[in-house]
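Top line first, the protein sequences correspond to chains A and B.
Using our numbering, the letters of the first sequence map in sequence onto residues 1 to 233.
Using our numbering, the letters of the second sequence map in sequence onto residues 1 to 303.
Bear in mind the hints are in silico, worked out from the structure with no lab data behind them.
The structure displayed is predicted, hence computed values, not measured ones.
All C-beta atoms in this analysis are idealised placements derived from N, C-alpha and C, irrespective of residue type, glycine included.
Check the hints yourself; a few may be wrong.
What the simulated footprint calls covered on chain A by chain B, stretch by stretch (three residues with Cβ under 8 Å from a Cβ of chain B suffice, anywhere in the stretch; the number is not a length) [said to hold, decoys possible]:
1. 92-99
2. 125-133
3. 138-146
Partial chain A-side listing against chain B, Cβ under 7 Å, derived [to be verified]:
4. PHE89
5. LEU104
6. ARG108
7. HIS109
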Amino acid sequence: MTLVAERLFMSFGGLLALDGVSLTVPDGGVVGLIGTNGAGKSTVLKAVSGLLRPHRGEIRLRGRPIHHLPAHAVLAAGVAHCPEGRRLFAGMTVEENLRLGGHLRRDRHVAKDMARVYDLFPVLGERRTQRAGLFSGGEQQMLAIGRALMARPALLMFDEPTMGLSPIMIRRILDTIALLRNQGTTILMVEQNALAALMLADHGYVIDLGRTTMSGPGTDLLADPRVRAAYLG
Amino acid sequence: MSTLAQQIVNGLVLGALIGLIALGYTMLYGIVQLINFAHGEVFMVGAFGAHFVSLRLLPADTPWYTALPVMCVTAVAVSVAVAVAVERLAYRPLRGAHKLAPLITALGVSILLQEVVRVFYPGATAPLAFPRAFPDGHLVLGPVTVLWTGVLALAVAPLLAAALHLYVERSRLGRAMRATAQDPETARLMGIDPDRVILATFVLGAALAGVGAVLYGIHYTQIDTAIGFQNGIFAFTAAVLGGIGSIRGAMLGALSIGLVKSLAGQYAWGGAQYDYVWVFALLILVLMFRPQGFLGRPERVRA
């Protein structure tokens with residue numbers, strides 16, 4: 001298993017955000033978290049990446065506990081978090097953003113990985129010296145994905161990668177995630193677009209009020225009448 | 001005419017020295033939004049460190065070209081050590097606290113450092129003569145004479161500011177510093193340890209203040225425990241004037257302040273007794289019409 005999260009509890013100001021969420025992400029698998037706004041999906045990702053610390057519970061990456069680590073050490077351990085809203089360094093160039101993605105890397109393959117990102121998203125290569133803030137939402141999402149890939153993570157997490165994008169761009173981003181999946185990348189994603197998430201995911205979890213209420217293969221969840229009624233309209 | 005030219009040069013020399021302190025203020029604010037009012041004292045202890053090594057440890061016949069580097073290294077070491085200690089002991093425990101807490105702490109640390117030096121450094125209750133670790137005499141340029149120490153300050157300060165700018169723009173640590181300044185949370189997701197970046201910022205700022213302290217001492221030939229507070233206030237004003245967070249802005253702001261102080265001291269009502277009034281008048285004027293300072297970016301409120 002790449003990631004195991006067991007019975008995570010977390011509260012903000014007396015409000016329970018995570019109420020015993022558990023989930024696993026197998027090696028090379030794609031796991032989707034779906035649920036309504038405020039269900040706690042993003043909180044799960046933040047707990048994994050160390051931005052938030054669960055009050056109770058355990059998170060292990062390839063068997064190694066990581067729930068006590070600060071965020072910068074979680075990245076070093078192998079988890080890249082592509083955050084909601086993309087959160088690029090808008091004042092910096094495409095290339096600088098990518099270099100920051102590979103900030104901890106000391107090996108000689110950084111340039112090769114950067115070339116690979118430019119292959120994946122040619123528009124970034126063409127405009128590598130331009131500031132990230134000048135790009136459209138879709139292009140920014142591409143850069144955010146590229147930046148996360150630069151860390152060569154064992155686990156790649158996406159938080160709402162298609163939020164606020166045009167239909168064409170949504171297609172493009174989802175295709176990219178499918179491509180990464182086919183290349184064997186292990187992915188945990190949060191997506192409000194439940195249909196898209198479950199189509200991509202090998203395995204899905206439905207999160208509601210900080211709990212895992214349902215789980216199963218993506219296609220099974222898609223077919224489940226309760227999921228259809230609640231999340232697919 | 002010659003008086004005017006002379007005062008301009010005097011002002012630029014003062015400005016260059018203030019600029020070296022202002023760089024520390026502006027960097028630190030850019031990264032942690034902390035106004036480190038103890039930064040002036042980091043400059044002051046550097047001057048006393050250099051004074052100590054020169055008078056107590058170096059033989060009296062040490063030539064200036066040996067003494068000056070030794071004094072600079074000592075000043076940098078003392079300033080950096082004090083800055084790191086202050087960061088660890090006073091600021092780090094307050095990370096995440098309300099903005100006012102570190103600000104008030106900074107004022108307290110500032111007073112503490114002044115008093116510690118005044119009480120424990122032999123003779124520091126009165127101004128001390130600073131060693132002359134640079135050739136005497138001056139450069140004559142038409143109507144203007146500049147002490148060689150002033151020429152040195154005018155050469156070194158902008159050079160160090162430019163080097164700092166390049167370092168922040170080009171180096172890996174500089175990139176981490178800019179990332180942390182722009183978005184601390186996302187910087188952590190890039191594997192950047194905020195504590196290390198903040199510490200590095202304190203170290204860089206303190207090193208520049210240490211060099212500035214030696215240049216200040218050899219130019220004005222005496223030091224006292226209040227130089228940190230006096231010049232620190234001007235340096236902070238310079239950083240705000242230039243656009244806090246901007247390295248070039250800090251130097252520009254400092255040179256402007258040096259000029260205003262020097263020219264107002266010569267020509268304005270009240271003379272040198274009231275020169276600082278005009279410095280703060282300039283600050284108020286600039287803030288009224290350009291609140292972000294010369295080169296600063298308008299503050300955006302984060303959602």
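To see whether the hints hold, each was checked on the structure:
1. 92-99: Satisfied; 3 residues make the cut.
2. 125-133: Three-residue rule not met by the region 125-133 of chain A, so violated; n is 0.
3. 138-146: violated (count 0)
4. PHE89: PHE89 of chain A check passes; min Cβ-Cβ to chain B is 5 Å, inside 7 Å.
5. LEU104: This hint holds: LEU104 of chain A lies near chain B, its Cβ roughly 4 Å from the closest one there, short of 7 Å.
6. ARG108: Violated: closest Cβ of chain B sits about 15 Å from ARG108 of chain A, beyond 7 Å.
7. HIS109: 16 Å, violated
When each numbered hint is compared with the structure, violations occur for hints 2, 3, 6, 7.
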